[in-house]
Amino acid sequence: MFRAYLSVFLFFASSFLSLHSFAQSWDLGGFVGGAAYMGDLNPVNPLKVNNLSFGGQVKRCFNPYWALKLAVTSGKIEAYDADSNDPFARQRNLSFYSSLTEVSLQTEFNFFNYVPSVSKKLYTPFLFAGLGLVGFNPKTKLNGDTYELRNYGTEGQNPSVPYRNYAVTLPFGAGVKFNVKGNWSLIAEAGYRTAFSDYLDDVSKTYPDPAKSSEITMELADRSENKIGFPYSQRGDGRSRDSYMFVGLSLTYSIFKNGCPVVAY
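Residues 43 to 307, numbered by the numbering used here, are exactly what the sequence shown covers, in order.
Hints are computed from structural coordinates only; laboratory data are not their basis. Be a bit skeptical, because a hint or two may be false.
[Said to hold, decoys possible] BS3-like, lysine-lysine: derived pairs with alpha carbons at most 25 Å apart: (1) LYS183 x LYS111; (2) LYS183 x LYS247; (3) LYS90 x LYS118; (4) LYS111 x LYS254; (5) LYS183 x LYS269.
Construct the complete structure from the given sequences, taking the supplied hints into account.
Given below as structure tokens:
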């Protein structure tokens, strides 16, 4: 799936770069909104936005319909079993929070002929998809202290060789662009991300073996009151990837080639 997705993305990206087109511009802007997470500690609610996200972007618009965007976005995700409606999750009682920083390259497709300050259309819905890299570092608090979970091997990993704190990510989503004034556009968007890691939340597979783990590792791995974490019993939800979402608003300014865009209506 990933290879097919990458091939399609690179094909479209390379074709855009060779377009001989009109109304080309560079768009610069910032983003502010919310971040959501879906994974082992939140398996059913992909729209549970609970933290701020923000970022910046540089976009090359090849014509009124197609663009290629480089974006950097940061946010925070978190989840707490104690807040779950699932009795098993409440008994498991795990929790985490993590900052995220994503760098991505995305293609955008506008449904309408849209060029700020020039085209008759003052708005357009759009779709986007791309490829990125996300950095993360799940943490939790125990007895008032903060622990970086990847350093403790909470599922039997070797603590001296922790899992990677970065992963390839596939962003895709939709939004609406509005030409608010002159070269300025206000963009509302929601973007879902599939991360090629199941450790955004430090939870993936099974509980560790106490005979092979330190006392603090076992305390972090099994936070349940009745200590339900039998060695090699299920700890995560069985799915192989975590995901997250950024939703919010961008404000961008278009700088046209030669300062004089030409648009066909």
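Going down the list of hints, with the structure as the test:
Note on LYS183 and LYS111: the hinted pairing is violated, with a Cα-Cα distance of about 37 Å set against a maximum of 25 Å. Straight-line distance between C-alpha atoms of LYS183 and LYS247 comes to about 21 Å, which keeps the hinted pair within the 25 Å bound. Under the criterion of a C-alpha separation no larger than 25 Å, the hint pairing LYS90 with LYS118 is consistent with the structure, at around 12 Å. Note on LYS111 and LYS254: the hinted pairing is violated, with a Cα-Cα distance of about 47 Å set against a maximum of 25 Å.
For a cut-off of 25 Å, the pair hint linking LYS183 to LYS269 stands: about 18 Å separates their Cα positions.
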